[in-house]
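Undergrad: Between the sequences and the hints, there should be enough to build the whole structure, so can you do that?
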Amino acid sequence: MKRTKHIDLSKMKKKSALAASAAVVVAGCSPHVNIDNPSDCLNFTNLSTNQCARLFDNKATVTYKNRQDCEDIYGDDACDSRSGAFVPIIGGYGGSRYGGNRDRYSSRTSTINRSDGNANKPASTVSRGGFGSQSSAKSSWGSSSRSRSWGG
Amino acid sequence: MLRVATPEREHWKQQAEEYGFEFHTMYGERYWDESAYYRFSLKQIEHDLEDPTEEIHQMCLDVVDCVVNSEHWLTRFQIPEAQWDWIRQSWLNRQPSLYSRIDLAYNGKGPAKLYENNADTPTSVYETGFWQWLWLEDKINLGHVSAHADQFNSLQDQLITQFNAIKKTLNTNDVLHLSCCKDSKEDRGTVQYLSDCAEFADIATRFVFVEDIGINTNNEYTDLDNNEISTLFKLYPWEFMFREDYAQYLSQSSTQFIEPPWKSIVSNKALLPLLWQRFTHHPNLLPAFFEDELHLSEASDTLVKKPLFSREGANVSLIKDHKTLFNSDGPYGDEGFIYQAYHPLPLFDDNFTLIGSWLVNDKAAGISIREDQSPITQDMSRFLPHIID
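Read top to bottom, the protein sequences are chains A and B.
Each residue of the first sequence is one higher than the one before, starting from 1 at the first, in the working numbering.
Each residue of the second sequence is one higher than the one before, starting from 1001 at the first, in the working numbering.
Hints listed in this document are in silico derivations from the structure and should not be mistaken for laboratory results.
A couple of the hints might just be wrong.
[Said to hold, decoys possible] When the alpha-carbon atoms are kept at most 25 Å apart in a straight line, the in silico DSS-like pairs for lysine-lysine are as follows:
| hint | chain 1 | residue 1 | chain 2 | residue 2 |
| --- | --- | --- | --- | --- |
| 1 | A | Lys14 | B | Lys1182 |
| 2 | B | Lys1113 | B | Lys1320 |
| 3 | B | Lys1167 | A | Lys11 |
Quantities reported herein were computed from a predicted structural model and do not represent experimental measurements.
TA: Written out as structure tokens, the structure reads:
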């Protein structure tokens, strides 16, 4: 046989992969909504596209050493302290993100657990964006509505 | 080698959604095309494609060994001097490669001819390794093809095997980071597939966009969570990275890259004239020349002029008697050009057909087929499945 003998199809399905990632319960003025994919995250929380993508990409809980680091990413008053570290609270809808319901966020579901759980950064990042400039320069030719693949 | 029309599977679009194959149709045009397939004999596959693929690869490695030890050739390959030692070290240390795809012109008989080697950032790996494999399983079950039909496609098996080998070069808790640029569904899908293959080999993975990579106070590359990147798969060309701000940290960083730096020699089009110099008249090679060797070409030759660095058929022109017969648009060419004897792609039912032949490390691993209305295969060429029967 000249082809791959067997592929575990259940592991190739993308929906099941998402379901396996951390579930986040959104509390607010409405019944709990179980957020288990990036588009629900966008629809039902105040997180940005990038933040939602990261949540479900990393399958991870993010903890921060100080409140400012956490709030820089998740917004003012969007973080809570827990066991000496700061974690984002995944909020509900619109302006009533917290609405006196903080006690409803269970520690199990309102945070995302990062496997290395490291609140002490060994060395801090001093800059970003030093790769990718040729990509944006070269993609400016031709039809701007088409994204450029850098594969070949 | 025949092109055979066949019914599409009724459920395939729904299946694509289920498996997360998001780029089967792009910009309103069909990319995955299962209205036909190509049929090969086992002899065509083994004798004309599989064996020559491994042989071409060995010739390419011979060129790498020559170039990394020569300032003359590193200069002609337009590799920035700052990276010379580092690239040479990556070769001497035999840093592991994952995969390559060589493009071949082949019409079912005679020797396949090497067009170029996509050794650094090959794409269409998901469509090849998984999607066309799934298509064949369905077609056999539907009775559309013989129950004995096979496919030249051990790509997924071999990728997982090679990830297992790469795992042995990692430290115990190392995570494999995978990266591509923002705004390309196709590239993101490709990287996701390789991430899935790595996880089949029990390697922990994380994703970071190329543009989000950072540098920390130890001059090590970092992801968005400030984790150091110990091993990075990058679907982003070396020739771009060598010319960007963070290139200054490459040689000092402890990051292991996939593909390794020495692959920048194989993916470079200057490979083609140097292959011809070293293996002149090899049956699988086309005559190829640097600009200052054009007197060596036959006056009657039609030549294809290709930039040293270019992707997906951009900036390619067809030249005869100093006149341009055809050219494709694009942003490349600043670093110079090479010339290759014109050897047209075969036509099957009015389609120009190109064969991509995959290697995992140094083993031939399967083929993919692209069709285009134009003699220059570009990024919108359709992907068709194949069988051996």
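Undergrad: The structure should be examined with respect to each hint, and the outcome stated for every one.
TA: Hint-by-hint comparison with the structure:
no. : hint                   : verdict
1   : A:Lys14 to B:Lys1182   : holds (20 Å)
2   : B:Lys1113 to B:Lys1320 : holds (20 Å)
3   : B:Lys1167 to A:Lys11   : holds (20 Å)
Hint compliance for this structure: no hint is broken.
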